[in-house]
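Enquirer: This is what each chain is made of:
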Amino acid sequence: MGVAVLARRDVEHSRVYIDQLYSNDSQKCFQAVSELKFAVIGSVREKGSIIEQGVVVRLLQILRAPELDILLKTEVATVLNSLAKGLPEHAAALVQAGLLPVLWEQLESCPSGGSGSAYTQMLLCCLRSIYRQGCAPPPPAWDQKLLSSLIQHGYHPPSNQECVANILAHACKTNEQQQQLVDAGGADLVACLLCSPVSRVQLPALHCLTAMCFNNERVSSIIATKSYGGKAVPDLLVGLMARDRPRDMQLAAATALTFLHRAGALSADDPRIIYKTLQCLVRMCRRDREVWERVEAANTLAYLTEVSTDLQRTAAMTDHLIHTMNDYLKDTTPPNASVPQGISVSPVSCRQYDNPSTWPELMVGAALKVYASLGANDEDIRQRVIKTDVLMNTIVTSLSAASPPVQLAAVRCLHSLSRSVHTLRTTLQDHVVWRPLMTVLKTSNNEELVTVSSSTLCNLLLEFSPSKEQILDQGAVEFLCGLTRRPHPGLRLNAVWALMNMAFQAEHRVKVSILHHLGTDQIFRLLSDTDVHILMKTLGLLRNLLSTKGHIDQIMQCHGKEIMQAIILILEGEHSAEVKEQALCILANIADGDIAKSAIMSNEDVLKKLMNYMVIPNVKLQIAATFCISNLIWNVEEGAAERQNKLREMGVYKLLQNLMTTTDTGLFDKVKTALQQFH
Amino acid sequence: MDSDISEMSLGQEFMRTNVDSDTDQSGTNEGVKAMETSEWLEETNKMHIHRADMNKLIMNYLVMEGFKEAAEKFSIEANIKPPMDLDQLDERIRIRTAIQNGQFQEAMRMVTALHPEILDDNSQLYFHLQQQVLIELIREGRVEEAVVYAQDHLAERGQRDPSILNELERTLALLAFDQPDTSPFGDLLHPSHRQKVASELNAAILRAQNQEETTPLLAELLKLLLWAQDELNKKKVQYPYMTDLIKGQIEERK
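In order, the protein sequence lines correspond to chains A and B.
Our numbering applies: residue 545 is where the first sequence begins, and numbers increase by one.
Our numbering applies: residue 36 is where the second sequence begins, and numbers increase by one.
A portion of the hints provided could be inaccurate.
To be verified - To spell it out: a stretch of chain B is covered by chain A in this simulated footprint if at least three of its residues, at any positions, have a beta carbon under 8 angstroms from a beta carbon of chain A; those stretches are: (1) 119-131; (2) 239-250.
What the hints assert, rightly or not - Partial selection, computed: residues in chain A whose CB lies under 8 angstroms from chain B: (3) Lys581; (4) Val588; (5) Arg589; (6) Ser626; (7) His700; (8) Lys717; (9) Asn937.
Read the hints as simulated data drawn from the structure, not as lab findings.
Bear in mind that the values here come from a model prediction, so they are computed numbers and not experimental data.
Where is the CB? At the ideal position from N, CA and C, for every residue including glycine.
Whenever a hint applies, use it, and build me the whole structure from the sequences.
Expert: Here you go:
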């Protein structure tokens, strides 16, 4: 009974002070806000309760009222700051109620020299707390004036420095924002903050720097040349990566240097990258480190080594990295796992670690990404990676069962491994990877995932193997032909490339299937594609289709007219010599077919073009054209005599004789062979 | 310019060393005898510690722990400038006094008034303060109030965080005993528990004041000594072992 009475009394008490909030007596109002402050600080439940009661509207009203006392406003800002530190839904509710514009407006109205005022400080704290929750809608671009004044406030005192750095770190998301930030003096501010003696300021400054540099060449090159206190920013970053620094700081500094390198501001052989950053990241992957550290470090390491072969080689021999990643694949969540306290993980990934049951999957994803990067270019590294005992099984399971980010990591890893002919012939046969890969291709909506998967499939189709047959049975041809119609150029390219591989030395029925599902209309479309790589691969596809005499004749019989049209289209169009060479090679193949020859012989226009190409000042084109002629007049075949007469009449014989003076040995051989055929 | 609290010329390097666990260590000195005690003591005596460094260590301790009058007096007698304006100690002193008098709710209000972000940002600390309020209520036998307080303030926290729930249960278990201080959870009632919370709060305030070091360097030194001895013991090295840090008593390690 006594307990119930006490509880009710508390509720009544709180209702009194909430009512007083609406009072016009500023003294009473202040007291009420103070009571409110003591109630909500530290208590998630109270925060939720207050927000539910709709008090926020009144609080914003107080902030906006110009006549009200600044002490009262500061107290209100303190309450709002505390509310913003609650659950994400609390912060979201505040944003919904229109908190952000009010805060910005109030900040603007603060005198510029008043950075030290308690009110300014609390406004900045409030903004920072909201942005840290990640629920502030990112504007496409900042208001220039607002940004400048924000940066001005960010120079002192330390409380403001920390707040401004955090706001910028969390808010800076787009390329345009990055540019604006640098242009408004953000890089200078960050360089200054990196040198602060207070680690609470340095850490958000690092996050701000990484947010600015990411994937932005111009901004990164500007930042790399900034300096403060006589030290260049990259050197400052190396200092913050030292072993006596807190782990989250080491990681943030290493990430900043990684982004600077990837954006082209620091080269791969810069000692700060290859001898400092890389080692720091590898060190943080060790078994005795915490999960969040190991995952972040591995992901950053994968990004660092994604492109440069030197970095890949160095990483592969640093501190048993390949073996360490193997541990990641076998890791299980310890039973008493808890979310890291007081650690400041980067703004991008801070929410990732909220649920310990997802940690094993995060570890697997990170390790696969590292393997994908390490094995991208070097065959030795690939062989060492493949020896990792659980790797293939993990890849196969992850392809079918895991969440999209881990699926993507698995496909990337598989893609790197599939660049090895040896691996294609051995390991990738032993483990049936194509089946889950095909499933991913057919069922996924994720464009990036489908692009990398199709690229991998492309490689798998290169080799003669039982799986090639099985892949075909799965309806791969129809599927790939469908992919050639997708808007994403990367997908179209991979699809055509895969078809090209499939057609290489393939059986007639496969070639028929390809032509049937693709259709000559689509071939025309692909030959008109804006992406020249797609065009080249389509020509390559045609060339592969039109190989082997029997196939050439059969295909030309069905599609001869369209194919000739397509080739003429290319020869007449504005294309590079490389493209035209391909087209001429296709003609040469057609010229090899017994019946198909007539398609060329009956076309005076094409014959004249061939003669033109024989004399054009480009050796490769000359060779291709001559080869074609050579095939046409091959005297073993039926009707050779008539063909030779016709061509002689047109002046081909004379042309060939003239070409005997060429200095190019390749061309000379071809010409000689052709002349020998004439009789 | 005064040196920061964090700068000490005495062994600055090894103060800042991170204790990396190195899995590549080989234990080749199992059962090795370091040297004779007399030799050891002789070598130790050769180490020269500057008086100025000793003074700095002491000043650092006094300032960190909030002994303002002592710090002022020491500053005069040892002719050493304090590392900060000693009036800045006042707020920490007031808060520590409140805690020593068992007035935890008062202490929480003071902290919130001065540094409103501390209790939101340090939820463990906040829980320990609330737990202490509960302990004080139980100690005074105000059982009903204790239960209500636990319900109103601590229950929701316990729901969200399993480690806190454990601590909460231990604390409430005290209510089951007529003589809680002799119960298995009696350690909670011990004054040292109050002291732990006081130090935790002190450290949080120092952090909020942008101080990089939040515990006295003297404490760090002693921890380093204890850790070093621990490592040597693990490797079964025989050396003169300091058994009593306060008295500096050394024994031969068998």
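Enquirer: Evaluate each hint against the coordinates.
Expert: Each hint, compared with the structure:
no., hint, in the structure
1, 119-131, "violated (count 0)"
2, 239-250, "holds (count 3)"
3, Lys581, "7 angstroms, holds"
4, Val588, "7 angstroms, holds"
5, Arg589, "5 angstroms, holds"
6, Ser626, "6 angstroms, holds"
7, His700, "11 angstroms, violated"
8, Lys717, "25 angstroms, violated"
9, Asn937, "27 angstroms, violated"
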